[in-house]
Each structure stands twice: as C-alpha cells, then as structure tokens.
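Listed here are the chains, written in short residue letters.
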Amino acid sequence: MGLILWAAPLSAILIMFLTKTTKAHHIISVLVSVIEVAVTWVLTYQVMVEGQIAYGFVGKLFYLDAFSIILLNLVVIVGMLAAIYNIGYLNHEKKNGEIDLKRIRLFYMLLYGFIFTMVFALTVNNMGLMWIAVEAITLASTFLVGFHNDKKAIEAAWKYVIICSVGIAIAMLGIVFLHISSLGINEGAGILDWTTLYDNADKLNGPVLRFAFIFILIGFGTKAGLAPMHTWLPDAHSQAPSSVSAMLSGVLLNTSLYPIIRTVSIVNKNMESSVFTGRLLIGIGLISLATAAIFIITQKDYKRLLAYSSIEHIGIITIAMGVFTPAAVFAGLFHMINHSFTKSMLFLTSGNILQKYGTREIGRVQSLIKVLPFSGTVFLIGLFAIGGTPPFSIFASEFSILISIFDNNNFILGVTIIGLLTLVFVGIVSTLFRMFYYNNREENVTSGETNKYGVAVIVIMLVIISITGLYMPEGIFNLMVDAQNVITGGI
Amino acid sequence: MRYIEYFLFQGIVLVMLAPLVNGIIGKIKAFSQKRQGPPFLQLYYDLHKLFKKQIVVSDVSTWIFKVTPMIVFTTALCAGMIVPVVTSFIPENFPGDIIFTIYLLALGRFFMMAGALDTGSTFGGMGSSREALISSLAEPSLLISVITVALISGTTSVSGMMLKMQTENTPLLQPVYVMLFLAILLVILMDTSRIPVDDPSTHLELTMVHEAMILEYSGRNLALMELGAAIKQLLLITLVVNLFLPNQLFIGTTGVALVVISLVMYIIKVIFVAVIIGLIEVSSVKFRFFSVPNIAALSLILSFLGFMQYFILGR
Amino acid sequence: MEKYLDILSILILVSSFALMANKRIKSYINTFRIQAVLISIAAGIMGAQSYAIEKRLDIIIVCVLIVILKVYYIPKMLHKTYADIEYKVGKDFFFNIPVLIFACFALVVFSYYCISDIQGIDKGQLNIQIVNSVSVVMIGILFMISRKKAIGMIVGFLVIENGLFVTTLFATQGMPFIVDMGIFIDMITGIMIMGIMVFRINDKFDSIDINDMKSLKG
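Chains as they are written, first to last, in my numbering: chain V, 1 to 491; chain F, 1 to 315; chain A, 1 to 218.
Pulled out of the complex, with its shape left as it was, chain V reads as follows:
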C-alpha cells in the first residue's frame, strides 16, 4: 500500500511527459493527488489501529508512525488543494499568454517530483535516506522557485539552491557524526535507522551525539527557515508561483523540521533530560521569532511579509519542541497542522491577488474586497487568523503553547513570546490593512474573480481553519497524542 504512495507521483510525471494537452495534465494532476489523499487516509486508519507501519525491501525501508502520518496527511491534503487551485491559476496565465503548453507540462512534472520527494522524506526509516530526500527536495524545487524566469526569480532561485545545499551538506556532517556515535552497536542492516537508534539510544556515544545534534540542527534548520539561516526564505517564497509558495511554506518547512525533531527524541532519550536540546531550540526559536517580528514591520511586498510570518511560526514550533513537556509537544504538533492550512490559504489567496493586480507591492493594491469579493474577504479573515485571533486555529495552538510554557514555570520566556507575537500582529495588520482601502488612484483592474477553482479551495481552507480551532474529532486527537508519545518517548 505504501508503495502506491511512492509510485503515484512518479507515474504522474511519466504520464504527463507523454501527454500533450493541458486539460489532460490538469486531470492527471488532480487524479493523482486524490489517489495520494485516499491512500494516506487508508494508511492513517492502519496507523491508528496498529500503532506503526514498517515494511520494505531491505529492512524496514518504509516506515510510518503517528508523527510522520500527521505530517504526511498535511502534505497530501495541501497538495490536493493546491492541485485544484492550479487548474484555475494556470488557465488564467495561459489565457494571458504568459505560459504555453510546454511550460505548463514542465511545471507539473517538477511539481510532482517535488511532492514525491516530500512524501519520500516522510516515509523512510533510515536517516541517511531521509537526508537524501531532503536534498532532493531542494533540487526539485529550485526550478519551481525560478519558474517566472525574470531577474528576481533567478536571483531567488540561486540563493535558494546555494544556501540550502550548503545547509544540507552541514546536516550531512551531522548524520556522519550520528553514525559514528552508533558504531559500537552491532547492527547488520539497521545502521542509521531511526527505530534502531531510538531503541538503543542510551548506548549511543553521548558527546558525539550532541555534536551530531548541533550540526543537524543548523543544517536542517537552514532548510526549515530558522534564523539566522533564513535568508533564502523571503526571496524564494515571494518569487515562486503561488501554489508552489503555498507548498513551500505550508508543508516544506514542516518536513524540514521533521529530522530535527526525530534527532531531538534520540538525544533526549540518551541524555535523560531535555536541557541541552531545549536550550538550543528555544534560543534559535526566539531569534527566529524576533527576526521575523522586526522585518515584518518594514515590508513592502505582501508575499514577503507572509514569508516572514512563516519564519515566525516555525520559530514558535521550535520553541514548543524545545520546552519538551508533553503538553508543549502536543501543542507544537497542533500548531504545525494549523500553520500549514492557514499559511497555504493565505498564499493561494495572494496568488489570486497577484494575478488580478499584477504587482507584489502593498502600496499598489487597493480596494481589495470590492475587486475580488471572495479572495479579499478570505484574505482579510486570514490575516487576522495568522496573527492569532480567536476563534481560528492558530489562536488555539498558540494559546496551548503559551499555557504549556507557563505551566513549566518559564515565565520570562512566555512573556517574551507574548510581546513578540503582539509585535508581529501589529506589523501584519497595520501593513496589510491598506490593501483594503481605496486610495483614489486610478488603477484599471476589472473586478471579479479570475480563478474559480482557487476560490473554492480557499473557502474550503477557511472553513477548515475555523473548525479546527474549536473542535477536534476524537480519532485525530488520539492520533496526535500517539504522535506526542512517539516524540517524547512516553514520558
């Protein structure tokens, strides 16, 4: 069953290479993403029943437990919604003559390569293969970032590929040291498997393991957008086409945090306490949060602002993982889910705005709700949602994180976070609120939505994030508790 998960995007690439019409591409894309979602839901049910799935060719190659199934769900669901959005987006671009058939085919092929590598990264047991998958994600998405082929896009793509490749190389050093730390344990084919490492965590070589953790944190943290390695993120997320931005921001950052959190579990089990990793994670998380807060206030480009907001939320998740009490970890997982949906929704909406107005500058967009009724409304609500307004889901998860921090007697940390979050909220709302006013400058844009499919998608996402903040079904709740137990080892 799991192999279908891998085979579907690959076969999609192959079939798209062979077919010639845009309509066929759209149909295949949506079909494949729906198949992925269906298979993932079957696997989710299996995980809920059995606890974990592991099978494969050589040793336990394919591996899913509660934690990775949640992230996998996020990837495929956002992927499906983005695929539906793409139909309208690409059709509009084609109508305007900016893209032709071959470019659309290239776009879809790269997109499904991108999805395949993300799915692969989340479903392997071996940390070495996980590393290969994360590097492959970088390579697969470079041309997607630079898709528009103008000066800024190429600069963004170049920065993206160089910084992320260097970061991933540093992460490789960390994995080598991880391997060294496990040299004493006699394993045949189970070297570098997460399950083996986790079970034998107390026999691993402590100092080498900590050394490995630092490199892995910095290396994969580059890809996840933790400051000060975040410099590629605003450029890449703002210059990429909007559905790609949504996937980069919504799911890729989570996928890059995944190896870090796996290593955190191993190190904490080895050291029997979370002080070492906790300090590092909280420190880096706070720096990310502060950097994002400062830069958001001075932004002039709305997609860049959303990118900085991603950095901020990843910082919050990192802080939650650093605190490492069960409540904090649960809240962090919840925040991952909520951030994915909310941020993807905002990026898809911004894609609509970009298509209508043709500019990324905040100052040149005006009277948004009149011109784009649905997208404008969703954008307005989404802004407040990402800032942390009740009753939306981000509020629920941020609140839970803060409660767990205060429960842990980290008062100063909690107050600092509240201050920075306030700063971010002020920055976002005050900067973007201008887009809804009318400024008396004559811009000739016709009102009306351009992307019907996109509108449907973002409205669905808005409904999702409203519901998630208020109510969580029993099954999902149990799954998240299981995931939290996987990470914290049932402490």
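Honestly, the hints are just simulated from the structure, not real lab data. Just so it is clear, CB atoms sit at the ideal spot from N, CA and C, and this is done for glycine as well. Relax, there's no trap hidden among the hints.
A few chain V residues facing chain A, derived, Cβ under 7 angstroms:
| hint | residue |
| --- | --- |
| 1 | Gly128 |
| 2 | Ile132 |
| 3 | Leu139 |
| 4 | Thr142 |
| 5 | Lys151 |
| 6 | Ile154 |
| 7 | Glu155 |
| 8 | Trp158 |
| 9 | Ser165 |
| 10 | Ala169 |
| 11 | Met172 |
| 12 | His179 |
| 13 | Ile180 |
| 14 | Ile191 |
| 15 | Phe211 |
Okay, the calculated bits of chain A under chain F, using three or more residues with CB under 8 angstroms as the criterion:
| hint | region |
| --- | --- |
| 16 | 4-14 |
| 17 | 106-115 |
| 18 | 127-141 |
Use these hints to put chains F and A onto chain V, whose structure you have.
Positioned in the frame of chain V, the structure of chains F and A alone reads:
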C-alpha cells in the same frame, strides 16, 4: 687526533661536493631544453679560473666589503662542521646546535647584504632589500620544521636528531615528515636562489636577488662567495637528506670501509635531491617578486601543518 | 596501509589549501581535479582493504564512480560552462590570498580543538583523519564565502561534498551502500542544476558576479 682527522675529512668532503650540486642542476636544465649544457664540473673550472684573476675593489667601500667573502665562506664551512654529513661522530656537538647552525648561516647572509650595500651601487641595494624580505619570510618555516623534528626526537642537537631519525623506517610515509620535507624543500628553493624565486643566469634587474648582491665582487673574492653559497646549499640539502632519508650505515664511526660506503650513499641521496630541485626549476617560471611571499606562505603552512600533525598524533 | 591513508588525508588537506590560494577559475578547477584524484586513491585503498577482509564490493564501486564523475566528468563540465559564458576580468575574491590562507589555517586549528574535546572518539588514527576531513569541509565553506563568481560557489560546494565523503570514508568505512549512491545522485543533480542556473544568471544579468544580484533585500 680524531678531531683533526674529522675536520679535515668533513671540510674536504663539503668543499669538494658543493659545486657538484650546481653542476647537476645545470645539466638537468640543459637537458630539458634539448641542449648539451655545461659539463658537470663547470663550477670547479670557474672557481679555478677565478682564483687566478685580479681583484678589483671600489674605493668608496669600507672594510666590510673586503671582509665579507671570507666571513661568508667561513660561516658556511663552520656550520657544515656541525651538521653530520657522513658519520655521526661530531666532536663539537652541544644541545641547541641546530639553532647555532641556522644563525651562523644568517650571519653570513647579513654580511652579504651589508657588503652589497657597501659598494654604493644601486644593484647592491636592490639585491639586499629583496634578500632581506625573502630570507625573513623563509626563516620561520625552517625554524618550525626543525623544531618539530627536535620535539619528536627530544633533543636539539643535529646529530642527536639524525641519530633518532635513523630508527624510523621510511619516515617519508608519515604525514608529519612529508609536510616537513616539502616545507624545507621550499625553503631551499628560496635560500639558494632557484628559479621560482630568483634567476641568477639572467643579469636582469627584474630577476636578480642573490646575483645582485655579489655583482661587485671579482677574482678570489667572487670565488669565495660562490663557494660559500654552494656550501650553504649543500648544507641545507644535507639537513633534508640525513633527516628524512636516513640510511642505517650512518651510525658508528669505525672502519674506513663503512665510512666510504656511507659517503657513497650520501652522494647518491644528494644527487637525488639535486635532481628534484632541478626538476622543480625546470617546470616553473620565475614568480613576480610580490608573489614570492605566497611561496613563503605555502612553506610556512606546510611546516605548520606538519607541526600540527605531530601535535595531534601526540607523540 | 594505514600510513598511506594518513598521508593521503594530509595531502587532501594541503590540496584544499592550494585550492584556496588559486586566483583564476581554470586553475582552481584543475586543483579540484587533483583533489578528486587523491580522494579516489584513498577510496581505492580502503576498498581494496575491505574487499580483502570482508569481501564487500561497495567501496570499490564508489571509488570507480568517483573517478568517473569527479575526476573526469565534472571538471570537464565546469570548464565547458566557463568557456561558454562571457566573463569580465575582475578580482574573484573578497579578501586577498594570504588573509584567506591564514583564515583556513585558523579553521584547521579550530576544528582540531573542537573534535579533540569530544571524549568518545578514540585517539590515534581516527582522530587525525577526522580532523583533516572536517577541516576540508570548513575550508570548502570558506571558499564558497570568499568567491565572487558563481562558478566559485559551485566548486566550493563540490569541495564540501569531497570533505564529507572523506569524513565518512575514514570514520565509518563508508555509509550504507544505498546512502552512498543516493549522495552521488544528489550531488550530480545538484551540480547540473547549479550549472543551469549559472547559465541563466549569465543570460539575465550579463555577468556571473554575484555582487550584481542585489535587488531582493530586506
């Protein structure tokens, strides 16, 4: 008695062998250009000719100019007495004599520079200033290499170091010694005015360093300067060869037969290093003068890396 | 055999210093080729050793792959890329060479200091090889930072990968085979993508000086 025998023997070996190295290097350069080149014994013929010629001395020069050739020759020969060439029996070794050797050579160099300035010609001043730069950059590298070997062998006397290195088999296959060997090789290139640094055969202002300093000497003085430089070159080569390419017959002084065999092996080793230097000369061009510090930096880095390898291996 | 590996590791470190000291693009591509030859010799020795003891073929296959890719194909591709784009003669690096060499040197000392602080690694053979290899990675990163032309960054990335490969080779006798293969495929794809990006940069910006790409700020 042993002392006199020893000094005579060592002195004769050094003075006789020193010009041969130049001859070998000259032949290699010629072969690479498909010429016959000067004969191996060319420098002997030159010295013989020079000793018969008349000395011309500028009348603005002082006693330094007259004294310099003798000092250069004497310091080179004295330093040569301390470094074991064929046998390890050194009557006058004392701890720290490697530093003494290096500083003797530095004394010779100082007088050479002072003598060149003394004549008042611009070539001399230019040569002196260039030589000052090159030698001040080359010396730290030499010292670090030598001190590393001293640390490894636990003694700072040259004969002690060489005795210790006898007990290593194939030192050139260990990273410490490879680095030091390459570092000292580069120092030899710099100190003995070889092609990457200095081109004595062209008498162009652009390319002269050593030659510019000895330009004013004539006759017997010139012969002594050339011989001194050749002995210094042989001395540095001996240092490299006896430290890093040891042979077992080096130990012990008994028996004429053993000494003769040891001498023959020594000559073979010197020829080997001379061939290496010749090949380096042939395959590189003279560097721009301000790129010479790059070579010195490379030598320094190599010797420092050798020192670090020793430090890491913790011997 | 062990002695050859020691010498090879120190020669690889010296070659990365030599790489840093090169001023022109063609010469550092050639120095990279020399470094790749040294690494393939090291991999070959280790492969022969492991074949003799444990009858494992994987390191030998990896060694052959390195020879094909890094010694032959990648420098050829880099030379071709460089020949196809127009270049203006300009200073390629931010600081001058001796400063960079001393910075490399400080990195070697720093990595020695950090690694010797870890109690778990056994002393002797392993220690010196790991320090040399990690220093090569650090020098690769410094190389990337200090070059202004985009091709310099690609070569720096390749040096980082070289250093990582040597680290895994010396410390753990190579990673599991699948991981090694995956690393190779990743690296090749990465280099090709970077090469294509260099072409596009040259197209749009008319030079490969990365100082010209400063429009996205803040």
